[in-house]
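Undergrad: Mind docking these for me? Both chains are given alone in their own frames, and the hints should help you get the complex.
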Amino acid sequence: MALDDPHTRPPEPPEADGPRTGSAAADVLPFPGDQALPCGRLLSRVWEQAQDEAPAADPHTVSCPHCREAAEGLATVNAATRALRAVDPPGLHALADRVMNAVRTEVGLGRLLPLADPDRDLRITESAAAKALRQAADGVPGARAATCRLTSAGEGTDIRVTMTLVAMLDRPLPERVHQVRRAILHSAGQDLGLAVTAVDISVVDVLEPWPPHPGAGIRTGGGA
Amino acid sequence: MTTVDPTALLGVAAEAALGVPGVTGLQPRLAHRLAAAAASTRTHPASHRTPPEAGVRAERAPDGSGWHIEVRCVLAEGRRAVDVARTVHGRVRTAVISRLAAPEPVTVTVTVTRIAARYDEP
Numbered sequence: 167m168a169l170d171d172p173h174t175r176p177p178e179p180p181e182a183d184g185p186r187t188g189s190a191a192a193d194v195l196p197f198p199g200d201q202a203l204p205c206g207r208l209l210s211r212v213w214e215q216a217q218d219e220a221p222a223a224d225p226h227t228v229s230c231p232h233c234r235e236a237a238e239g240l241a242t243v244n245a246a247t248r249a250l251r252a253v254d255p256p257g258l259h260a261l262a263d264r265v266m267n268a269v270r271t272e273v274g275l276g277r278l279l280p281l282a283d284p285d286r287d288l289r290i291t292e293s294a295a296a297k298a299l300r301q302a303a304d305g306v307p308g309a310r311a312a313t314c315r316l317t318s319a320g321e322g323t324d325i326r327v328t329m330t331l332v333a334m335l336d337r338p339l340p341e342r343v344h345q346v347r348r349a350i351l352h353s354a355g356q357d358l359g360l361a362v363t364a365v366d367i368s369v370v371d372v373l374e375p376w377p378p379h380p381g382a383g384i385r386t387g388g389g390a
Numbered sequence: 020m021t022t023v024d025p026t027a028l029l030g031v032a033a034e035a036a037l038g039v040p041g042v043t044g045l046q047p048r049l050a051h052r053l054a055a056a057a058a059s060t061r062t063h064p065a066s067h068r069t070p071p072e073a074g075v076r077a078e079r080a081p082d083g084s085g086w087h088i089e090v091r092c093v094l095a096e097g098r099r100a101v102d103v104a105r106t107v108h109g110r111v112r113t114a115v116i117s118r119l120a121a122p123e124p125v126t127v128t129v130t131v132t133r134i135a136a137r138y139d140e141p
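Going down the list, the protein sequences come from chains L and E.
First residue of the first sequence: 167, per the working numbering; consecutive thereafter.
First residue of the second sequence: 20, per the working numbering; consecutive thereafter.
Worth double-checking, as some hints may not be accurate.
Said to hold, decoys possible - Partial chain E-side listing against chain L, Cβ under 7 Å, derived:
hint, residue
1, 56
2, 57
3, 99
4, 100
5, 104
6, 129
7, 131
8, 132
9, 134
FYI, nobody ran anything at the bench for these hints, they're computed from the structure.
Heads up, the beta-carbon is just placed ideally off N, CA and C, and yes, glycines get one too.
Same shape as in the complex, but just chain E (with noise of 0.2 Å):
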């Protein structure tokens, strides 16, 4: 048994994301996103900025067996998505077992929830 913090795999499977050809951003999860819009009530609106880590959620299996890790990731037009999806599919599941202490299964799950025409906001 060993202890890894969720968030450092946040961290890591959101570089390793955003390192990927085509990837332009991580689309933040719906929490962060009625986080932010909570915390912009008491801050100005602008100061708020979503960490790419929002766009990933970390968990352990049901049964404490490894990990699971879901990305959500913006695309730029252009490139085939699966492909696009494979390869960092393949990028986070390396990243987040590097940087487990122990071997442990890691199962990654990647969502494409957009794809960016070039004229778009990023």
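Excised from the complex, chain L in its bound form (with noise of 0.2 Å):
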């Protein structure tokens, strides 16, 4: 269960952050359920490289921490899987479950994104941030957050915001969707300490009045 923002996990293959090298990305068909790590790179791909027997002469995976510490926790599973296949088949499946779990919450965590610390490293994850825009967005009335996803813009901690938001219609929508650019401007700022300098946002949907108006049709929603 996602506690934090169920909205992170990207529902198709996700994007790379860098740019794409070709390869990296052409020579490995996902499979289903495969994970990108925050810095691009697909699991599998990871995991494939730590198995080979020739350290991969690849510049990215020596240097990049989240690769090693992905091909890290392959050693330990490795181990356990070994010792398990020996004695308990049927644990195989249960220990499966949880290194998925354990790598999907990392990869749920998103990208990195700097705070507004010129001087420091300081860091937060892109699903830590959306949440608290979404938040902020959610509050302006008639609007709710449907995604959120932040980017690093240029140079520097700049960081833009794309949103998409349903809205409800009884108020012109440009005046709505400018209550919603400064409320999530205003907690980037108060709340984080993010450099938001860009705020893109779509309204993809009408959000509909709760309770709907009598005679509006059978309630689908809700229990008792």
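TA: As structure tokens, then:
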């Protein structure tokens, strides 16, 4: 159960953060359930490299803390898997579930973004920042955040926010979007300390009033 | 050249970070979470507790000069994340430097992994 932000898991194969080298993405066909690390590499690729007899001459893997961490974890899991294979075949499924839960938790943290302190190396995960900004947007009456992505905007600690929104139509949309933008900028500054320099907002659906107008049809949600 | 036990630095850094108001916990690194997943096949799952040091990495700089410390923090809602992170940065750096036998450069990275709402699990 994702407690933090159910929208941080990308619905489609995740995109690499950096420029794709082509070979990195193209040689490996992602299998269902594969996960991308915060650096953009697929976990399956990192683990395949770690399994190779000859150490891969890949400068990224050597220098990337996420890839190194994933490879270190694999050694532990390999040892446990070998031990279990001998004595406890059913336990392998439970182990696999726990391993994938651990990986999903890590991947769900999202990319790392710089906090607004140019003198120190302070970062925040995209999932933590997005959660705060989504809450800020939800605080605007008649608006609900649908998705929220954050990316580095050029040099330094500048951040771009891209949010999709569902909104009620009882007031002009530009006015409501403006309120949401202000709420995002305020929360980014006051709650997080994130230098948001651009906010892109798209309204993607209509938020229906609740409770619905009398005679609006059959209620489909809710309980007794 | 001095010998410092990295494990001792992990403990010192974890303690310093956890002492900062607004820090509710340290987020275990993936390797520790995987180790915990493997360990709980042999023990009762609840019996495996991840120590706070699992949220810290201490590494020698590639050229051997000094240390790099990375701390992964879970914060409480209600304080500005960058301010808490800045305090963690300062206290961890000070604590680690004081633990070294001889002066060496220490760099610190602080990552806020989660901001826990009051109703969240710690």
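Undergrad: Give a verdict on every hint.
TA: Against the structure, the hints come out as follows:
For residue 56(E), the shortest C-beta to C-beta distance to chain L is roughly 4 Å, which falls under 7 Å, so the interface hint holds. For residue 57(E), the shortest C-beta to C-beta distance to chain L is roughly 3 Å, which falls under 7 Å, so the interface hint holds. Satisfaction of the interface hint for residue 99(E) is found here, the shortest Cβ-Cβ separation to chain L being roughly 5 Å, below the 7 Å cut-off. Nearest Cβ of chain L to the Cβ of residue 100(E): about 5 Å, under the 7 Å cut. The hint holds.
Because the beta carbon of residue 104(E) sits about 4 Å from the nearest beta carbon in chain L, less than 7 Å, this interface hint is met. The interface hint given for residue 129(E) holds, since its Cβ lies 5 Å from the closest Cβ of chain L, which is under the 7 Å cut-off. Using the Cβ-Cβ criterion of 7 Å, the hint placing residue 131(E) at the interface with chain L is satisfied: the shortest such distance is roughly 4 Å. Among the interface hints, the one on residue 132(E) holds; its C-beta lies about 5 Å from the nearest C-beta in chain L, closer than the 7 Å criterion.
Given hint, residue 134(E) at the interface with chain L, holds; its Cβ is 5 Å from that chain's nearest Cβ, closer than 7 Å.
Violated hints: none; the structure is consistent with every hint.
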